[in-house]
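Peer 1: Protein chains in written order, with this note's numbering: chain A, 5 to 610; chain B, -7 to 398.
Among the clues, some could well be false.
[Claimed, not checked] Once the Cα atoms are required to be at most 27 Å apart in a straight line, the calculated BS3-like pairs of lysine-lysine come out as: (1) A:K172 to A:K125; (2) A:K15 to B:K331; (3) B:K234 to A:K15; (4) A:K111 to A:K172; (5) A:K209 to A:K385; (6) A:K46 to A:K209; (7) A:K111 to A:K209; (8) B:K396 to A:K15.
[Claimed, not checked] Which chain A residues stay away from chain B? Per the calculated CB distances, all over 10 Å, these: (9) D149; (10) R478; (11) T537; (12) G568.
Just so you know, the hints here were simulated from the structure itself, not pulled from any lab data.
The beta carbon of each residue, even a glycine, is placed where N, CA and C say it ideally should be.
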Amino acid sequence: MTEFSDNSPRKFVFYGTVGVVFILFLLRLIQLQVLYGEVYGKKSEENSIRQIARDPIRGLMFDRNGTLVVDNRPSYSVTVTPSEFKIVKIQFLASILSMDTSLLREKINKGIRYNRFAPVKVKRDIDFATLSAIEENREKLPGVDYQVESKRFYPTGAKAAHLYGYTKEISDQQLVEVGSEYRPGDNIGATGLEAAYERYLRGQKGIDLITVNAFGQLLGRYNDGKNDIPVREGNDLNLTLDSKTQALAESLMTDKRGAVVAIDPANGGVIAFVSKPDYDLAQFGSVTPVEVWKELNTDESKPLFNRASLTRYPPGSTFKMVLAAAALEEGVIDPNWRVNCRGVFQFGTRPFHDLHVHGSTNVTEAIQKSCNVFFYQLMLKVGFERWTRYSQEFGFGASTGMDILEENPGLLPSSEFFDRVYGKGRWTQGYLLSLSIGQGEVGVSPIQMANYAATLANKGYYYTPHAVQKIYDRQTKQTIEIPPQVRRVELSEKTWDIIQEGMYRCVNEVGGTGQAAKVQNASACGKTGTAQTPHGKKDHAWFVGFAPKDNPKIAICVLVENAGYGGAFAAPIAGLCMEQYLYGELIREKPLRSIANLLMTNQEDQ
Amino acid sequence: MVDLWYKENTDFKTIAPAILLLLIGIASVYSATYDAGASIYFNRQVIWAGVGFALMLTIMFIPFRTLQLLSYPLYGGSVLLLIVVLIMGKIVAGSKSWFGIGGFGLQPSEIVKVTTILAVASYLSERQVNLSRWKHVAVTFGFVLLPVVLIVLQPDVGTAIVYLGMSVVIIYWAGATNFLMILLVAPVVAAVATLFGTTAFLIVIATTFVLLFLQRQNWLFAAMAFSFTVMIGISVQYIFGKLAPHQQNRILTFLNPDADPLGAGYNVIQSKIAIGSGGFFGKGFLQGSQTQLNFLPAQWTDFIFCVPSEEFGFIGAFAILLFLTLIMLRGVQIASMVKSRYASLVAIGIVGVFGTHTVINIGMSMGIMPVVGVPLPFLSYGGSNLLTNMIMTGLLLNMYANRKEY
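If we strip away everything but chain A, and leave its shape as in the complex, we get (with noise of 0.2 Å):
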């Protein structure tokens, strides 16, 4: 054997495998460091920096007293980590939650699965004690936490659930709509105004940035928090509800089924809006336990359904001022023309009844008595294009346009209509007669209504109807109004005071339909509505009217579903609530004894 000296060619082996070896951990080292350095720093970056998003405080809503209506108070969800929860204590921790433990387990995986250093929430909005059995028993239960989130608290008696509305978790399909605002896992305004203003309620996400080491522990926040993105709070809505007003439109109604909308004449605001059957929104306050859902979705009375606007119903006598300003604007008769009621109107063959026999009625008598037959006469001579027209005049047949999007338009026949659905000439005039007292297709809704109510009140100035007259944004500290739009319903001032006068005599004057919504010192007028439906149900009854007389203040409408008339259901609901605003309480020393058995709750409460 040589030398090692003399080992050269070998050495050079050496030298080779180790320059060869150098030289392509070289290459690999600038490929990773300065080649893709940025990607990888990149990489490294969002390694260690998260973003937790922050929540913004929804906005509020005050009634247009400036009362607190819609709040917000905490709710604990409790969450877990799954990484440092110690899964034998799964049974204890069940326990305090009251859940089932295979239900907290399967939300504990669904964690794992996701990342199980992120804390998941394994139960929502707990109650004080859980809180502070959670928090006695931290030591015990290593990687259980809570959260602080906002639920909705409604402060007064008003629960106004359809029209303040709810919030929900927002679903998929939403999501991919909306972009990229949202997470899954926010809750979005799913009804009413909470809908309606979703984008002004909602205020915008913060993101703060923080550093966390591998475990996804935190260590503190990044860069002193100068790259975060600061929380916008909601803006909040004044709304032109009259709180107190609506709380008592809604123990009037106490177990019926209707809807109590009540509109300023001045700017179209709409001061109660009441649906019943209606829901507690409280138990809509962050999450909805599912019993909830159920139990208010299978109730055969639909309390969740909005009767206040997206309903159709036919409007009964309350829709007869629609003709008398068609006849009288049309001049197809005077305040002096007469019709001798004798409780029964032949047309053809067929007999239409009224309630009464009137005698010797004009128009005036005939909107203070109801008087049907004066209307079936009126009918035949304004014709069916005019009593179309105005009606449309007056807004039906089209939705109002109200803030809370949630409409029915109704239904306004006309002579197309009538040639469609029953073919050309395969409708007789006797149709007319119905719709003239309002009955037969003619379909419309609560805040309809109480909208043509207002437009009789302030003499054609047709507002739309509107819940929110300012919003006030937090960031900039201003109130932004919204302006009232208006357009004219152009009759004459002689007209109008004919169908006030009416409407005056209906609720004040002896032989009025409508004396149960007498209001002292306030003139109130109105009109009742008696409307039948199908299926031998008991009739609906309804009111609309307003007060004053002079310079209205409160144009309303009743409507109590299957009651009978509506001089002995509705227009005393309407009556309260209209001394109810206009005094700001009730100051009849006793309520009507006609009307005792509709006052269900204590008025204590109020």
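Mind docking chain B on chain A? Use the hints.
Peer 2: Chain B only, in chain A's frame:
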């Protein structure tokens, strides 16, 4: 004339890069375990470095003949330690490879690397030993395989691989024929190639065939060697199935680290991010987010390379690579210049150990080698390993100082 002796016999070309690496290593351990101040790891590592430096100088001055005479006894004693540790060692990270002595742990498999080098060098430098004789080859492998078997039993595959790398280097340097080298290397290459797929395996088989044919050696042996290689390749799939799941994962992860980013591939992804994000100039000492926020597992031991790479960037990583390469090149140089066959084999064995550690460790950190847990020389935290590295450096210095001895 002591001064002159120093000047003549102290190999600064070995000492300088070793010291520099040691300093970078201490700084890296400091950073990797930094927690509002120096950690206990850092303090211990400084102590080990001090002890190691003293040990290095001591070994440099051990008389050359004494060392040679002590080779077999040292080997025997250390192998005995390995057996004892198997019986009564404590378990760390799933391996039974540690002695606990008063709070410090001692890992015999580290020091056995050195004694094995000494023993093999001693045997191969005996006059009558010739690697063209199968009996002598078998004895040589006996020296290596005894500790390897004991270490694999612990189990510690990383260290076992280092032994094999080291023995290939020594045997080649000792004059093994190309035929023997093919015999040794081809099955290993075939085994690895199989994991990459059939095509890779067939290429290796074909190459082996051509190489064996070109040697024109004993045809029977050649045929046997070839069949052996093919057999190994085929049975690797079978053996792979028998591996512990974490070992399987490591191999599969090496082939595709992104397949399971939070599981087995996590280490490699994070270490690549750490190295890459260091960029050219680094993020600054104690400023590496990957290091400081503990995104790297075992960042003060097996993944230590990431720490200076992240905090000192390309400059730091390049320096480490350069110093390690310089030590190895110097080792080959010493192996070539010494008069003694024994000294030459010891030097080249040390180069083999440093080389295998470096390639596996840095290659793993950069994602071009499978994740196998071996420390990076001079840098990784750990007393046994650091002392062993310093002892080996001391041996290189000793060989250099005695380069004129026969």
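Peer 1: Hint by hint, say whether it matches the structure.
Peer 2: Hint by hint, here is what the structure shows:
no. : hint             : in the structure
1   : A:K172 to A:K125 : 16 Å, holds
2   : A:K15 to B:K331  : 15 Å, holds
3   : B:K234 to A:K15  : 40 Å, violated
4   : A:K111 to A:K172 : 20 Å, holds
5   : A:K209 to A:K385 : 63 Å, violated
6   : A:K46 to A:K209  : 24 Å, holds
7   : A:K111 to A:K209 : 26 Å, holds
8   : B:K396 to A:K15  : 19 Å, holds
9   : D149             : 22 Å, holds
10  : R478             : 37 Å, holds
11  : T537             : 65 Å, holds
12  : G568             : 70 Å, holds
Comparing the model with each earlier hint shows violations of hints 3, 5; every other hint is respected.
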